Amino acid sequence: MAEEIRAEMVANVWKVVASAGDTVSEGDTLVILESMKMEIPVVAESDGVVRQLAVNEGDVVQDGDLIAVID
1 MAEEIRAEMV ANVWKVVASA GDTVSEGDTL VILESMKMEI PVVAESDGVV
51 RQLAVNEGDV VQDGDLIAVI D
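Be aware that the sequence shown starts at 1, since it is given in full-length UniProt numbering, and climbs by one per residue.
Just so you know, the hints here were simulated from the structure itself, not pulled from any lab data. A few of these clues could be false.
Claimed, not checked - Here are the simulated lysine to any residue pairs, SDA-like style, with alpha carbons at most 25 Å apart: (1) 37 - 51; (2) 15 - 27; (3) 15 - 34; (4) 15 - 41; (5) 15 - 69; (6) 15 - 43; (7) 15 - 58; (8) 37 - 60; (9) 15 - 46; (10) 37 - 21; (11) 37 - 62; (12) 15 - 29; (13) 37 - 23; (14) 15 - 54; (15) 15 - 62; (16) 37 - 2; (17) 37 - 9; (18) 37 - 13.
Said to hold, decoys possible - If you anchor each label on the Cβ, the simulated ranges turn out as follows: (19) 10 - 49: 24 to 30 Å; (20) 23 - 63: 26 to 32 Å; (21) 58 - 1: 18 to 24 Å.
Remember, predicted model here, so these are calculated numbers, not experimental data. Glycine included, each C-beta is placed from N, C-alpha and C at the ideal position.
Working from the sequences, and respecting the hints, build out all of it.
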């Protein structure tokens, strides 16, 4: 079952670490967000393959926005 990773706050996408098609393990960093000069890693919550990466570096995400989908 696909797992959607969503933003938990308003932030800038500082760095995209993973790419679509990458195999990831629970705890692997997918994206690093920046908010109020703090870096917040967004991590995979389960093992799987990144099916979709919905953000690019420099994007602004709102609370609840889709960041990635992992199968």
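Evaluated hints:
1. Restraint check for residue 37 and residue 51: the C-alpha separation of about 30 Å exceeds 25 Å, so the hint is violated.
2. Taking the CA atoms of residue 15 and residue 27, the gap is near 17 Å; set against the 25 Å cutoff, the hint holds.
3. With a C-alpha separation of about 9 Å, the suggested pair residue 15 and residue 34 falls inside the 25 Å cut-off, and the hint holds.
4. At most 25 Å may separate the alpha-carbon atoms for a hinted pair to count; residue 15 and residue 41 meet this at roughly 9 Å.
5. Under the criterion of a C-alpha separation no larger than 25 Å, the hint pairing residue 15 with residue 69 is consistent with the structure, at around 17 Å.
6. Of the pairs offered as hints, the one joining residue 15 and residue 43 holds, with about 13 Å between alpha carbons and a cut-off of 25 Å not exceeded.
7. For the suggested pair residue 15 and residue 58, the alpha carbons sit about 8 Å apart, so the restraint of at most 25 Å is met.
8. Straight-line distance between C-alpha atoms of residue 37 and residue 60 comes to about 14 Å, which keeps the hinted pair within the 25 Å bound.
9. Proximity of residue 15 to residue 46 is assessed by CA-CA distance (about 21 Å); at most 25 Å being required, the pair is judged to hold.
10. Pair hint residue 37 plus residue 21 does not hold up; C-alpha atoms about 30 Å apart against a cutoff of 25 Å.
11. Between residue 37 and residue 62 the alpha-carbon distance is near 17 Å, which keeps this suggested pair within the 25 Å criterion.
12. With a CA separation close to 10 Å, the supplied pair residue 15 and residue 29 stays within the 25 Å bound.
13. Pair hint residue 37 plus residue 23 does not hold up; C-alpha atoms about 30 Å apart against a cutoff of 25 Å.
14. For the hint pairing residue 15 with residue 54, the CA-to-CA distance comes to about 13 Å; that is within 25 Å, so the pair holds.
15. Restraint check for residue 15 and residue 62: the C-alpha separation of about 16 Å stays at or below 25 Å, so the hint holds.
16. As the CA atoms of residue 37 and residue 2 are separated by approximately 32 Å, the hinted pair breaks the 25 Å bound.
17. Between residue 37 and residue 9 the alpha-carbon distance is near 14 Å, which keeps this suggested pair within the 25 Å criterion.
18. The hinted pair formed by residue 37 and residue 13 meets the criterion: a straight-line CA distance of about 12 Å does not exceed 25 Å.
19. Separation of residue 10 from residue 49 is about 28 Å and conforms to the stated range, judged on CB atoms against 24 to 30 Å.
20. In this structure the hint that residue 23 and residue 63 lie 26 to 32 Å apart at CB holds, the actual value being about 28 Å.
21. Taking the beta carbon of each, residue 58 and residue 1 are about 31 Å apart, not inside 18 to 24 Å as hinted.
When each numbered hint is compared with the structure, violations occur for hints 1, 10, 13, 16, 21.
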